[in-house]
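Chemist: Chain F is fixed; fit chain G onto it per the hints.
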Amino acid sequence: MTELRTFMQHDAIVDLIGGMCHVIKKRLHERHIHDPAVIGIHTGGGWIAGHVHANLGCKDPLGLLDISFYRDDFTRIGVNPQVRPSRIEFEVEGRDIVLVDDVIQSGRTIRAAMNEIFDFGRPASITLVCLIERGGRQLPIQPDVAGLRPPLRTDEHIRLNGPEPLSLEISRSRQPRGT
Amino acid sequence: MHGRQHHNIQLNEEGGLRHFLTIDGLGRDLLTRILDTAESFATLPGRPVKKVPALRGRIITNLFFENSTRTRTTFELAAKRLSADVLNFNVSTSATSKGETLLDTLRNIEAMHCEMFVVRHNESGAAHFIARHAAPGVSVINAGDGRHAHPTQAMLDMFTIRKHKGDFTPLRVAIVGDILHSRVARSQILALNTLGVTEVRVVGPRTLIPTDARALGVHVYHDLDEGLREVDVVIMLRLQKERMAGALLPSEEEYFRLYGLTNERLEAAKPDAIVMHPGPMNRSVEMDSEVADGPRSVILQQVSYGIAVRMAIMSMCMQTFEADGRPA
Chain F
1 MTELRTFMQH DAIVDLIGGM CHVIKKRLHE RHIHDPAVIG IHTGGGWIAG
51 HVHANLGCKD PLGLLDISFY RDDFTRIGVN PQVRPSRIEF EVEGRDIVLV
101 DDVIQSGRTI RAAMNEIFDF GRPASITLVC LIERGGRQLP IQPDVAGLRP
151 PLRTDEHIRL NGPEPLSLEI SRSRQPRGT
Chain G
1 MHGRQHHNIQ LNEEGGLRHF LTIDGLGRDL LTRILDTAES FATLPGRPVK
51 KVPALRGRII TNLFFENSTR TRTTFELAAK RLSADVLNFN VSTSATSKGE
101 TLLDTLRNIE AMHCEMFVVR HNESGAAHFI ARHAAPGVSV INAGDGRHAH
151 PTQAMLDMFT IRKHKGDFTP LRVAIVGDIL HSRVARSQIL ALNTLGVTEV
201 RVVGPRTLIP TDARALGVHV YHDLDEGLRE VDVVIMLRLQ KERMAGALLP
251 SEEEYFRLYG LTNERLEAAK PDAIVMHPGP MNRSVEMDSE VADGPRSVIL
301 QQVSYGIAVR MAIMSMCMQT FEADGRPA
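For the record, the sequence lines run as chains F and G. Heads up: the first sequence runs through residues 1 to 179, numbered per my numbering. Heads up: the second sequence runs through residues 1 to 328, numbered per my numbering.
Chain F on its own, in the form it takes in the complex (with noise of 0.2 angstroms):
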């Protein structure tokens, strides 16, 4: 059994991501960072890359990663049934990207991200944008800008709905588990 609310709907959400891309914006400035490209990561981290494209008004096409076949756990889960191509159309190579997903919580999406990302070729750096930034880190990976670091129970789950309209949904089971 699981209880679920709402915790955001899309107007705020919009204007969360908004208020993230003025911290972007300043942060690529202290790097001297002038031309980022932007990859989501599939499928909320997609959704808000989309936004945040949009406001850095960023010429190349906004990338989009399945990490699917770079998970630390594929041959135990498999091959997600959704998995899609990723794509990114442009060169890699000594460009500033600018990773974006919805929810940060062990780092092992980002780890297998940028393992991705490597293969594509060698960016001159990445900087890493979570709307969400919960506890739970299992690796040496943390966002550089988080949108908002709501205080989870560890039995707790947030995920992102969208695209159009955005909601934040925060599920509950209600007899936690006992480890």
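Worth flagging that the hints you see were computed from the coordinates, not collected in a lab. Incorrect hints may have been included.
Said to hold, decoys possible - Reference excerpt, derived from the structure (chain F facing chain G, CB under 8 angstroms, subset only):
| # | residue |
| --- | --- |
| 1 | D66 |
| 2 | V79 |
| 3 | D119 |
| 4 | F120 |
Unchecked claim - Capping the alpha-carbon separation at 30 angstroms, the derived lysine-lysine pairs in DSS-like fashion look like this:
| # | chain 1 | residue 1 | chain 2 | residue 2 |
| --- | --- | --- | --- | --- |
| 5 | F | K59 | G | K50 |
| 6 | F | K59 | G | K51 |
| 7 | G | K80 | G | K163 |
What the hints assert, rightly or not - To be clear about the criterion: a stretch of chain G counts as covered by chain F if any three or more of its residues have a C-beta under 8 angstroms from a C-beta of chain F, and this derived list gives those stretches:
| # | stretch |
| --- | --- |
| 8 | 50 to 59 |
| 9 | 306 to 318 |
Please read all numbers here as calculations on a predicted model, not as lab measurements. For each residue, glycine too, the CB sits at the ideal point set by N, CA and C.
Modeler: Below, chain G alone, put in the same frame as chain F:
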């Protein structure tokens, strides 16, 4: 070799792929999933690093009892692009006294911790036999068995067709040549009908069309011009030259005159019809070079897509390993 149990042996409890032995018994959803998964791999050649780490540390063995350099090479490349390690065993059939020796070979390779066999054999049912006797958690992929099936070839053909035509449902497809001895044709017919095309035609001389062809869900034509009329896809099959000796055919010249594909004869098909061939191709026997190298030929794309499709099938079979409870 067509009993129900042999169909189900391919699937795990969740309905996912465990082995890939025949198209028979696999549903449209599963075939579509294979094609969808292959889309992800079809983009890899455009990248500086043309592989993914999905099967890192896994061992895949190509167990070929029948020579086929190209099929073996595309399987090997597919496995390597999934980051698996590959062993190639070319077993001489003449040295194999059937059954026992086959199992001995199998046990020996299993002892090397191989987790997937890609099997090619000149006897129908060989891959099923190995799948039934393989250790739990070992997957078997049929790379062609006798006259029975060549399901990965059929799936790469379906992928090529979908790339060019999008939707399967309105399509009319003609398969031309030696249907009788062709495991490729058998698998193609099953796949095309499962994916819901409008019509599958087989075209060829009476001596090379199985008597029960209609039971496969096809329309039979003995005249090439009629068989090609208004089709969207033309699949030419290789004429196995050894059949000439068996009096099934008069001569290569005669065959080409009746069933060889030329640009002129191709005019009967739709203007945007594509021409396919599973290879290896006998130029001026099955088709004219001007067709084989012409704008409607997608023969070389079939080879490229073959790698992506085999990657999809291999990765989908491998996922069921630990769900099968194989000790890590």
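Chemist: Could you run down the list of hints and mark each one as holding or not?
Modeler: So, going through the hints one by one against the coordinates:
1. D66: holds, 7 angstroms
2. V79: holds, 5 angstroms
3. D119: Since chain G brings a Cβ to about 4 angstroms from D119 (chain F), closer than 8 angstroms, the hint holds.
4. F120: holds, 6 angstroms
5. F:K59 to G:K50: Given that 30 angstroms is the threshold and the Cα spacing comes to 26 angstroms, the pair holds.
6. F:K59 to G:K51: Within the cut-off at roughly 28 angstroms; holds.
7. G:K80 to G:K163: holds, 24 angstroms
8. 50 to 59: Since three or more residues must qualify, the claim that chain F covers the stretch 50 to 59 of chain G holds, with 6 doing so at under 8 angstroms.
9. 306 to 318: holds (count 4)
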